[in-house]
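Trainee: Read top to bottom, the protein sequences are chains S and W. Just so you know, the first sequence maps onto residues 1 to 135 in our numbering. Just so you know, the second sequence maps onto residues 136 to 317 in our numbering.
Derived from the structure by calculation, the hints contain no laboratory data. Since we're looking at a predicted model, the values are computed, not measured. We put the CB at the ideal spot given by N, CA and C, even for glycine. Treat each hint with caution, since some may be false.
With the C-beta cut set under 8 Å, the calculated list includes, among others, these residues of chain W facing chain S [as the list claims (entries may be wrong)]: (1) R203; (2) E218; (3) N219; (4) A220; (5) T298; (6) Q299.
Straight-line distance between alpha carbons at most 30 Å, and here's what the computed DSSO-like set of lysine-lysine pairs gives [what the hints assert, rightly or not]: (7) W:K207 <-> S:K102; (8) S:K77 <-> W:K207; (9) S:K77 <-> S:K105.
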Amino acid sequence: MKKIAFMLGWMVVPVVLADLHAATVDDLLAQYQRDGAGPFRAEQGQALLNQVNGSGSASEGNSCAACHTTDPRGAGKHVKTGKVIEPLAPAVNRDRLQDADKVEKWFVRNCKGTLGRVCTSQEKGDFLTFLTTLK
Amino acid sequence: MNKMQKRVGIGLLVLSLGGGLVLGVSASDREKNEGKPRADVAPVQNTLYSTECGACHFAYQPGLLPARSWEKLLTGLGEHFGENAEVSPATLTALREYLTGNAADRVDHGRSRKINASILDGEKPIRVTETGYFQKEHRELSPHMREKNSKIGSLSRCEACHTQAAQGSFHEHEVRMPGEGR
Chain S
1 MKKIAFMLGW
11 MVVPVVLADL
21 HAATVDDLLA
31 QYQRDGAGPF
41 RAEQGQALLN
51 QVNGSGSASE
61 GNSCAACHTT
71 DPRGAGKHVK
81 TGKVIEPLAP
91 AVNRDRLQDA
101 DKVEKWFVRN
111 CKGTLGRVCT
121 SQEKGDFLTF
131 LTTLK
Chain W
136 MNKMQKRVGI
146 GLLVLSLGGG
156 LVLGVSASDR
166 EKNEGKPRAD
176 VAPVQNTLYS
186 TECGACHFAY
196 QPGLLPARSW
206 EKLLTGLGEH
216 FGENAEVSPA
226 TLTALREYLT
236 GNAADRVDHG
246 RSRKINASIL
256 DGEKPIRVTE
266 TGYFQKEHRE
276 LSPHMREKNS
286 KIGSLSRCEA
296 CHTQAAQGSF
306 HEHEVRMPGE
316 GR
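Please construct the entire structure, taking both the sequences and the accompanying hints into account.
Mentor: Structure follows, in C-alpha cells:
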C-alpha cells in the first residue's frame with residue numbers, strides 16, 4: 001500500500017516537490033523553535049533581506065538584496081562575479097528549500113559575508129517564513 | 136549518516152573512479168576529437184566540485200593552477216576574496232584531492248603546462264588572472280578595452296567571453312566579447 005502511494009506520488013511530481021520543500025522548512029523551523037526562537041514573522045524576514053549592514057564585506061554588497069534583489073521571486077545577480085542567482089522563492093523556483101544542509105550552508109556563508117556574523121535562529125526562521133509565504 | 140556525508144561519500148566514490156577515468160580520457164581524446172582541437176584544459180567532470188565551487192562563479196578547471204596554488208586557496212575558504220566559502224571537512228578533503236590531483240603541474244594538457252611554466256617556483260598565485268601566462272594572453276584587451284566596454288566587469292569571468300570555457304576550451308576564435316557583435 002505504501003509502495004503504491006509512493007509511486008503515485010512520483011507521478012504527481014510538482015506535488016511531491018512542493019511537499020519536499022514544505023517538509024524541509026517545517027523541520028528547520030521546528031529545530032529553530034527548539035533553540036528557543038519563534039514565533040516567526042514574514043515581515044521580519046523581508047526586513048532582513050533589505051537590511052543594509054555596516055560590517056559586511058564590500059564585495060558581497062552590504063545587504064542580502066544586493067545579490068538577491070528586493071524580490072525573491074525574481075532572479076538576482078552576484079555583485080562581484082556577475083553570476084545569475086536563480087529566484088529564492090519556492091513558489092517560482094521548485095529547486096529551492098529542499099535540502100536542509102544546503103539551506104544551512106548558505107545561511108552560514110551569506111550571513112557571515114553580508115552581516116559579518118552567523119544569523120540567529122530567529123532570523124533564519126523569519127527569512128524562511130518570508131520565502132515560503134510568497135506566492 | 137546525514138545527507139551531507141552521503142553526498143561526500145558519493146563524491147569520494149566519483150573521485151576514486153575519476154583517477155582512472157582521467158587517464159582513459161586523455162588517452163582516447165586524440166582519436167575521438169580528430170579534427171577538433173583538443174581541450175586546452177581538462178573539463179570539469181566532478182559534480183561535487185561544480186556544485187561547491189561553481190555556485191558563485193565559473194567553476195575554474197583544476198588545470199588552470201598548480202597544486203600548491205589550490206592548496207593555498209583551500210586553506211583560506213573562510214576568507215575567500217572577501218567572502219565566506221566554507222565547506223565541511225569531508226568536502227574539503229574531497230575537493231583537495233580533485234583539485235591537486237588534476238592541477239596544472241599534474242596533467243599533460245597543453246594550456247595547463249604553459250600556465251604552470253609561467254609561474255615561478257616559489258609563487259602560489261590563487262588567481263588564474265594573476266598568472267604570467269594569463270596576463271600575457273590578455274594584455275591586448277586590458278585596460279582600455281575594458282574601460283570602453285562596461286559589460287566586462289572582471290577578467291575573472293572566463294565564460295563571459297570564452298563561449299566554450301565550460302568545456303575547457305579557450306581558443307581565440309571562440310571568443311565573443313560581451314556587448315560587441317562578432
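Trainee: If you test the structure against every hint from before, which numbers come out violated?
Mentor: 1, 5, 6
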